[in-house]
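Asker: Sequence:
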Amino acid sequence: MYKSNPISLEEIRRYVRKIRAGMAMEFTLPVPIVSILEQYLPIIFGETYNYEIVPEEEMGNKHGETIPDQGLIRIREDVYLGACSGNGRDRMTIAHEIGHFLLHRSIRVSLCRMENGVTEKPKVYENPEWQADVFAGELLAPSYLIANMSAKEISEKAKVSLAAAETQLRHLPSYLRLNRKGGDSYD
Numbered sequence: 136m137y138k139s140n141p142i143s144l145e146e147i148r149r150y151v152r153k154i155r156a157g158m159a160m161e162f163t164l165p166v167p168i169v170s171i172l173e174q175y176l177p178i179i180f181g182e183t184y185n186y187e188i189v190p191e192e193e194m195g196n197k198h199g200e201t202i203p204d205q206g207l208i209r210i211r212e213d214v215y216l217g218a219c220s221g222n223g224r225d226r227m228t229i230a231h232e233i234g235h236f237l238l239h240r241s242i243r244v245s246l247c248r249m250e251n252g253v254t255e256k257p258k259v260y261e262n263p264e265w266q267a268d269v270f271a272g273e274l275l276a277p278s279y280l281i282a283n284m285s286a287k288e289i290s291e292k293a294k295v296s297l298a299a300a301e302t303q304l305r306h307l308p309s310y311l312r313l314n315r316k317g318g319d320s321y322d
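If you count the sequence shown from 1, you need to add 135 to reach this note's numbering.
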């Protein structure tokens with residue numbers, strides 16, 4: 136189990152909105168996630184950032200991985216090609232790895248161990264995987280843009296999977312929630 140510095144859902148949302156605004160994509164759907172990986176991050180981070188597209192045989196079951204202390208994002212080739220073709224799950228994988236790079240590059244992510252070899256379960260907001268998932272969801276389908284959409288509309292407009300769209304809707308802030316007759320209900 137890994138543990139990171141605590142970051143709340145709202146902190147991640149604010150951070151992602153600043154990133155989107157900085158790239159002049161605050162109101163853009165879908166976000167060009169492959170361009171962010173290949174063009175924006177190299178411009179912003181220069182030599183402290185690199186990415187690799189890795190053959191499936193080499194990565195095995197890993198769809199992507201980030202090595203923060205090396206400034207490296209590695210994406211499995213079939214996932215990269217899927218993202219280039221607009222596959223929602225593959226786009227989410229790249230966004231997730233970008234989340235790890237941006238959220239965890241300057242902090243130490245540690246293994247959690249307690250006395251007697253018992254694993255300590257971190258709080259959800261200390262879990263780097265949860266943090267990267269939230270980052271990816273907000274980057275691709277930000278709450279402030281999707282509040283009036285159905286899961287199907289979000290999936291189509293943001294080019295995310297239906298499951299990812301439904302997750303984003305479930306986690307809308309209360310001030311954005313709608314309870315539309317015949318539409319999505321968030322209660």
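Any given hint could be a false lead.
Said to hold, decoys possible - Dumping the calculated DSS-like pairs for lysine-lysine here, alpha-carbon to alpha-carbon at most 27 Å: (1) 197 x 258; (2) 138 x 292; (3) 197 x 138; (4) 287 x 138; (5) 256 x 292.
Since the hints were made in silico from the structure, they are not lab data.
Asker: If a hint holds in the structure, say so; if it doesn't, say that too.
Answerer: Hints, verified against the model:
For the suggested pair residue 197 and residue 258, the alpha carbons sit about 25 Å apart, so the restraint of at most 27 Å is met. A distance of roughly 34 Å separates the Cα atoms of residue 138 and residue 292; the hinted pair therefore is violated under the 27 Å criterion. For the suggested pair residue 197 and residue 138, the alpha carbons sit about 20 Å apart, so the restraint of at most 27 Å is met. Only pairs whose Cα atoms come within 27 Å are accepted, and residue 287 paired with residue 138 is rejected, the gap being roughly 34 Å.
The straight-line distance between the Cα atoms of residue 256 and residue 292 is roughly 36 Å, outside the 27 Å bound, and the hint therefore fails.
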